[in-house]
Amino acid sequence: AQSVAQPEDQVNVAEGNPLTVKCTYSVSGNPYLFWYVQYPNRGLQFLLKYITGDNLVKGSYGFEAEFNKSQTSFHLKKPSALVSDSALYFCAVRDAGAQKLVFGQGTRLTINP
Amino acid sequence: DTEVTQTPKHLVMGMTNKKSLKCEQHMGHRAMYWYKQKAKKPPELMFVYSYEKLSINESVPSRFSPECPNSSLLNLHLHALQPEDSALYLCASSQDLAVTDTQYFGPGTRLTVL
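Chains as they are written, first to last, in this note's numbering: chain A, 52 to 164; chain B, 21 to 134.
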C-alpha cells in the first residue's frame with residue numbers, strides 16, 4: 052500500500068528566507084511524487100512532479116523539490132519565500148500499478164512580511 | 021492551457037432538492053475525477069472516469085450519481101443529501117490513467133446542504 056506523510060501541520064517562514072515543506076512516502080514499487088498548492092477557497096494547483104531521472108525537480112513559481120530515495124523523502128523548497136506563497140501545500144504519491152493518487156494531510160505555509 | 025472549469029462556484033441546497041455540478045475540460049484528457057474536500061483536509065477521491073466509462077467508485081453513497089456525457093464533460097448529480105455532505109467538490113482531469121499523468125484540478129464547487 053502507498054502512503055505519504057507531511058510531518059508538519061504548519062510552517063512559518065520570514066519573507067526572503069528559504070523555505071522547506073517536508074514530505075516522506077512509502078510505496079512498494081517505484082514512487083511517482085507530486086506537489087500541489089491550494090489557495091483559500093480554490094482548487095489544487097500543480098507545482099511539480101518526480102517521475103524518474105534527476106533528483107532535483109524544478110516546478111512552477113520558483114519551487115523545486117528534491118527526491119531522496121534512501122530517505123524516502125520529497126521535500127519542497129524555495130530559495131526565497133514570498134508572502135504570496137502562503138497557502139496549503141499537499142504532497143501526493145502514486146505507486147506503479149496503483150489506481151489512486153494518495154495525498155498527505157497538507158502543510159499550512161505562512162510567510163511573514 | 022491546463023484549465024478545468026466547474027459550475028456553479030457555490031451551491032446551497034436543502035436535503036430534498038436535486039441539483040447537479042458540472043465540470044468541463046478542453047485539454048483532450050481522457051480521464052476525469054470527482055473529489056470531495058472538507059476544510060483543511062486533503063481531497064478524497066469519489067469517482068474516476070476513463071474514456072467516458074466509470075473506472076472507480078470509492079463506495080460513494082448513491083445520493084451522489086456521476087455522469088460523463090462526453091470526453092469533455094463530467095457531471096455530478098445530487099439528491100437527498102445530508103448536511104455532512106457540505107464540502108468543496110473538486111473535479112480533475114488527466115491525459116489518461118497512467119501513473120505518470122498529472123491531474124489538473126478545477127476551482128471547485130462549494131456545496132452547503134441545509
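FYI, nobody ran anything at the bench for these hints, they're computed from the structure. All figures in this text were calculated on a predicted structure; none of them were measured in a lab. Treat the hints with caution; some may be incorrect.
Heads up, simulated EDC-like pairs for lysine to aspartate or glutamate below, C-alpha to C-alpha not over 16 Å straight-line [said to hold, decoys possible]: (1) K100(A) / D121(B); (2) K60(B) / E117(A); (3) K60(B) / D105(A); (4) K61(B) / E66(A); (5) K61(B) / D105(A); (6) K151(A) / D116(B); (7) K151(A) / E44(B); (8) K151(A) / E78(B).
According to the in silico footprint, chain B covers these stretches of chain A (three or more CB under 8 Å from chain B) [unchecked claim]: (9) 105-116; (10) 141-147; (11) 151-159.
Glycine included, C-beta positions come from ideal geometry on N, C-alpha and C.
Consistency of the hints with the structure:
Proximity of K100(A) to D121(B) is assessed by CA-CA distance (about 10 Å); at most 16 Å being required, the pair is judged to hold. At roughly 25 Å between alpha-carbon atoms, K60(B) and E117(A) are farther apart than 16 Å, so this suggested pair is violated. Taken as a hint, the K60(B) and D105(A) pair is broken in the structure, with Cα atoms around 32 Å apart against an allowance of 16 Å. A C-alpha spacing of about 26 Å is found between K61(B) and E66(A), which places the hinted pair above 16 Å, so the restraint is violated.
In summary, the hint linking K61(B) to D105(A) is not supported, as the alpha carbons are separated by about 31 Å, beyond the 16 Å threshold. In summary, the hint linking K151(A) to D116(B) is supported, as the alpha carbons are separated by about 13 Å, within the 16 Å threshold. Our distance criterion of 16 Å between C-alpha atoms is broken by K151(A) and E44(B), whose separation comes to about 21 Å. The suggested pairing of K151(A) with E78(B) holds, with an alpha-carbon distance near 10 Å, which does not exceed 16 Å.
With a cut-off of 8 Å between beta carbons, the stretch 105-116 of chain A has 0 residues touching chain B; three or more are needed, and the interface restraint is violated. Three residues within the 8 Å Cβ limit are the bar, and the stretch 141-147 of chain A against chain B gives 4, so the coverage statement holds. Counting residues of the stretch 151-159 of chain A whose CB lies closer than 8 Å to any CB of chain B gives 7, which reaches the minimum of 3, so the coverage claim holds.
Consistency with the previously given hints fails for numbers 2, 3, 4, 5, 7, 9, ordered from lowest to highest.
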